[in-house]
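With the hints as your guide, set chain F onto chain R.
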Amino acid sequence: MFLLAAITGRYGEGESSDSALVERFLRKDVSAFEELYDRHSRVVYALVVRILQQGSTAEEVVQDVFLHLWRNAGQYQSSRGPFVPWLLTLARNRALDQLRLKSERQRRREDQAEEIPAIAQSPDYEKALDEKRRAERVRSLMGTLSPPQKKAIEMAYFEGLSHSEIAESLQEPLGTVKSWIRNGLLRLKEGLQTAS
Amino acid sequence: MSEHDQFRELIEAYALGALDANERAALEAHLASGCPECAKALEEARLVVTQLAYLAPPAEPSEMLRARVLRSVRADAASGGSGGGSLPMQAGGAQRTSVPMWLWAGVAALLLVSLYSTWEARKMQQDVAEMNQHAAAELKERKQLEAELTMAKHEAWILTDPSSKKIMIMPSDKSMPMVEAMWHPKMGIYVTAQQMPMPKNNKVLQLWLIPKNGAKPMPSHVFWPDSNGKIGEMVANPPEDMAETKALAITEEPAGGSPQPTSTPMWVGGVS
Chain R
1 MFLLAAITGR
11 YGEGESSDSA
21 LVERFLRKDV
31 SAFEELYDRH
41 SRVVYALVVR
51 ILQQGSTAEE
61 VVQDVFLHLW
71 RNAGQYQSSR
81 GPFVPWLLTL
91 ARNRALDQLR
101 LKSERQRRRE
111 DQAEEIPAIA
121 QSPDYEKALD
131 EKRRAERVRS
141 LMGTLSPPQK
151 KAIEMAYFEG
161 LSHSEIAESL
171 QEPLGTVKSW
181 IRNGLLRLKE
191 GLQTAS
Chain F
1 MSEHDQFREL
11 IEAYALGALD
21 ANERAALEAH
31 LASGCPECAK
41 ALEEARLVVT
51 QLAYLAPPAE
61 PSEMLRARVL
71 RSVRADAASG
81 GSGGGSLPMQ
91 AGGAQRTSVP
101 MWLWAGVAAL
111 LLVSLYSTWE
121 ARKMQQDVAE
131 MNQHAAAELK
141 ERKQLEAELT
151 MAKHEAWILT
161 DPSSKKIMIM
171 PSDKSMPMVE
181 AMWHPKMGIY
191 VTAQQMPMPK
201 NNKVLQLWLI
211 PKNGAKPMPS
221 HVFWPDSNGK
231 IGEMVANPPE
241 DMAETKALAI
251 TEEPAGGSPQ
261 PTSTPMWVGG
271 VS
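Residue numbers (our numbering), protein chains in the order written: chain R, 1 to 196; chain F, 1 to 272.
Just chain R, same shape as in the assembly:
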């Protein structure tokens, strides 16, 4: 619970809490959904763009994520964990699914590379502040890892690669990659606990 408090303690700071909003949203309150969208669409979008490296497809995935959220509200149960990590997991899974489809398509049409469109990067200051702090904290903790260790974790998280795929890509022994990832995540966990 200590870790949970450390990680989730700042969600919704200064506004009505996520849990109250989620409760209203589960009763199909459109205005609650709208507020949840405004509160969390930036981090969801940023994550999906990072995974897909492509703005317009990312928008389709984000739309899919939020519509899925609305249409399957009952799938979220507060007893099984906080809302935002759940939403981020949903978004990551959807984006990685899309990435795998895209890879197959791209293998067939390698010469038709899509142009990456410009992406606006000026989040609303007030609402982005909390996310900014969160991002600073995670970046700072990841900064304490060795560059290849950080790279391996990012490849797994953002590219959906397995231990052996990462080992092959980085030309490193499988055991080394496993240790990098495990020790890196454990250090991140410890850091998040001490940062609270």
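The set of hints was computed from the structure by calculation and includes no laboratory data. Just so it is clear, the structure is predicted and the values come from calculations on it, not from any experiment. A portion of the hints provided could be inaccurate.
[Stated by the list, open to error] List of simulated lysine-lysine pairs, DSSO-like, C-alpha gap at most 27 Å:
id: 1; chain 1: F; residue 1: 203; chain 2: R; residue 2: 150
id: 2; chain 1: F; residue 1: 140; chain 2: F; residue 2: 123
id: 3; chain 1: F; residue 1: 230; chain 2: R; residue 2: 132
id: 4; chain 1: F; residue 1: 246; chain 2: F; residue 2: 212
id: 5; chain 1: R; residue 1: 132; chain 2: F; residue 2: 143
id: 6; chain 1: R; residue 1: 132; chain 2: F; residue 2: 140
id: 7; chain 1: R; residue 1: 132; chain 2: F; residue 2: 203
id: 8; chain 1: R; residue 1: 132; chain 2: F; residue 2: 200
id: 9; chain 1: F; residue 1: 246; chain 2: F; residue 2: 216
id: 10; chain 1: F; residue 1: 143; chain 2: F; residue 2: 166
id: 11; chain 1: R; residue 1: 132; chain 2: F; residue 2: 165
id: 12; chain 1: F; residue 1: 143; chain 2: F; residue 2: 230
id: 13; chain 1: F; residue 1: 143; chain 2: F; residue 2: 246
id: 14; chain 1: F; residue 1: 246; chain 2: R; residue 2: 28
id: 15; chain 1: F; residue 1: 203; chain 2: F; residue 2: 246
id: 16; chain 1: R; residue 1: 151; chain 2: F; residue 2: 166
id: 17; chain 1: F; residue 1: 40; chain 2: R; residue 2: 150
id: 18; chain 1: F; residue 1: 200; chain 2: R; residue 2: 150
id: 19; chain 1: F; residue 1: 203; chain 2: F; residue 2: 186
id: 20; chain 1: F; residue 1: 200; chain 2: F; residue 2: 153
id: 21; chain 1: F; residue 1: 186; chain 2: F; residue 2: 246
id: 22; chain 1: R; residue 1: 151; chain 2: F; residue 2: 153
id: 23; chain 1: R; residue 1: 28; chain 2: F; residue 2: 216
id: 24; chain 1: F; residue 1: 123; chain 2: F; residue 2: 165
id: 25; chain 1: F; residue 1: 123; chain 2: F; residue 2: 166
Then chain F, alone, in the frame of chain R:
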């Protein structure tokens, strides 16, 4: 190493989705056997993994996307509330009735008018929702611009008004840059610096007001430099008056700031 320990070592990579198929299957079988320790560790590891999302560079979804999502949700909400009435299409089958043809034509015409009216009303509802959406987005943007403008005016006022006092906040380490503060008795304090190093170990910088009466330092804003090492921090409501303040100090503190300094000030500047 016990079999349980071997599985325990796989939990983090499983939460990250990095296990290869054979290890994943073995761990899932172990979890299905009901190991509470691994189940708890997995929940924690999943929570840690979600934090990696914040490593993604900031990006702003378009207003178009917002409008599309909310339009669909509103349409869903509206249709969900209307129920699913079925159309009376079975009536024209093989069974003959005594209802004359002209009456069926009249019913069909009424039905068409009714369907058209419903479609027209739905369309109008969507148009109104879209317009409201657009207006709300513009209002939000205007409020943001107004807030930025007000902030810029305050900063400009503080920097140019003769009643503002310039305070040089000197570093204890000569290799560090100097921080400058302009304190206006009514508008607040504007703190600026260039080439500031980013605090290490998830620390932040925190401004303190040191009272003249020897009381404890008053905590103020928590901040950190941007990616270019620049600081431009506005303290609109300082916790103490200028006349009552002996000095300004800056320390490094844990994320979120502290109620009392936990480290020696890295910058100090006399006020009065």
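Hint check results:
1. Distance restraint check for residue 203 of chain F and residue 150 of chain R: the Cα-Cα separation of roughly 20 Å lies within the 27 Å cut-off, and the hinted pair is therefore satisfied.
2. For the given pair, residue 140 of chain F sits about 25 Å from residue 123 of chain F by alpha-carbon distance, which is consistent with the 27 Å threshold.
3. With a C-alpha separation of about 16 Å, the suggested pairing of residue 230 of chain F with residue 132 of chain R holds against the 27 Å cut-off.
4. For the hint linking residue 246 of chain F to residue 212 of chain F, the alpha-carbon distance of about 5 Å falls within 27 Å, and the restraint holds.
5. For the suggested pair residue 132 of chain R and residue 143 of chain F, the alpha carbons sit about 21 Å apart, so the restraint of at most 27 Å is met.
6. A C-alpha spacing of about 20 Å is found between residue 132 of chain R and residue 140 of chain F, which places the hinted pair at or below 27 Å, so the restraint holds.
7. With a C-alpha separation of about 14 Å, the suggested pairing of residue 132 of chain R with residue 203 of chain F holds against the 27 Å cut-off.
8. For the hint pairing residue 132 of chain R with residue 200 of chain F, the CA-to-CA distance comes to about 16 Å; that is within 27 Å, so the pair holds.
9. With a C-alpha separation of about 12 Å, the suggested pairing of residue 246 of chain F with residue 216 of chain F holds against the 27 Å cut-off.
10. Taking the CA atoms of residue 143 of chain F and residue 166 of chain F, the gap is near 31 Å; set against the 27 Å cutoff, the hint is violated.
11. Taking the CA atoms of residue 132 of chain R and residue 165 of chain F, the gap is near 31 Å; set against the 27 Å cutoff, the hint is violated.
12. Restraint check: the Cα-Cα separation between residue 143 of chain F and residue 230 of chain F comes to about 26 Å, which is no more than 27 Å; the hinted pair holds.
13. Distance restraint check for residue 143 of chain F and residue 246 of chain F: the Cα-Cα separation of roughly 37 Å exceeds the 27 Å cut-off, and the hinted pair is therefore not satisfied.
14. Pair hint residue 246 of chain F plus residue 28 of chain R does not hold up; C-alpha atoms about 55 Å apart against a cutoff of 27 Å.
15. Between residue 203 of chain F and residue 246 of chain F, the direct Cα distance comes to roughly 26 Å. Compliance with the 27 Å bound is thereby established for this hinted pair.
16. Restraint check: the Cα-Cα separation between residue 151 of chain R and residue 166 of chain F comes to about 45 Å, which exceeds 27 Å; the hinted pair is violated.
17. A C-alpha spacing of about 25 Å is found between residue 40 of chain F and residue 150 of chain R, which places the hinted pair at or below 27 Å, so the restraint holds.
18. Under the criterion of a C-alpha separation no larger than 27 Å, the hint pairing residue 200 of chain F with residue 150 of chain R is consistent with the structure, at around 17 Å.
19. Taking the CA atoms of residue 203 of chain F and residue 186 of chain F, the gap is about 31 Å. The hint is violated against a cut of 27 Å.
20. A threshold of 27 Å between alpha carbons decides the hint, and for residue 200 of chain F with residue 153 of chain F the separation of about 33 Å lies outside it, so the pair is violated.
21. Proposed proximity of residue 186 of chain F and residue 246 of chain F is supported: the alpha carbons are some 18 Å apart, at most 27 Å.
22. Straight-line distance between C-alpha atoms of residue 151 of chain R and residue 153 of chain F comes to about 44 Å, which puts the hinted pair past the 27 Å bound.
23. Our distance criterion of 27 Å between C-alpha atoms is broken by residue 28 of chain R and residue 216 of chain F, whose separation comes to about 50 Å.
24. Among the hinted pairs, residue 123 of chain F with residue 165 of chain F is inconsistent with the structure: their alpha-carbon atoms are about 61 Å apart, more than 27 Å.
25. Taking the CA atoms of residue 123 of chain F and residue 166 of chain F, the gap is near 61 Å; set against the 27 Å cutoff, the hint is violated.
The earlier numbered hints that this structure contradicts are 10, 11, 13, 14, 16, 19, 20, 22, 23, 24 and 25.
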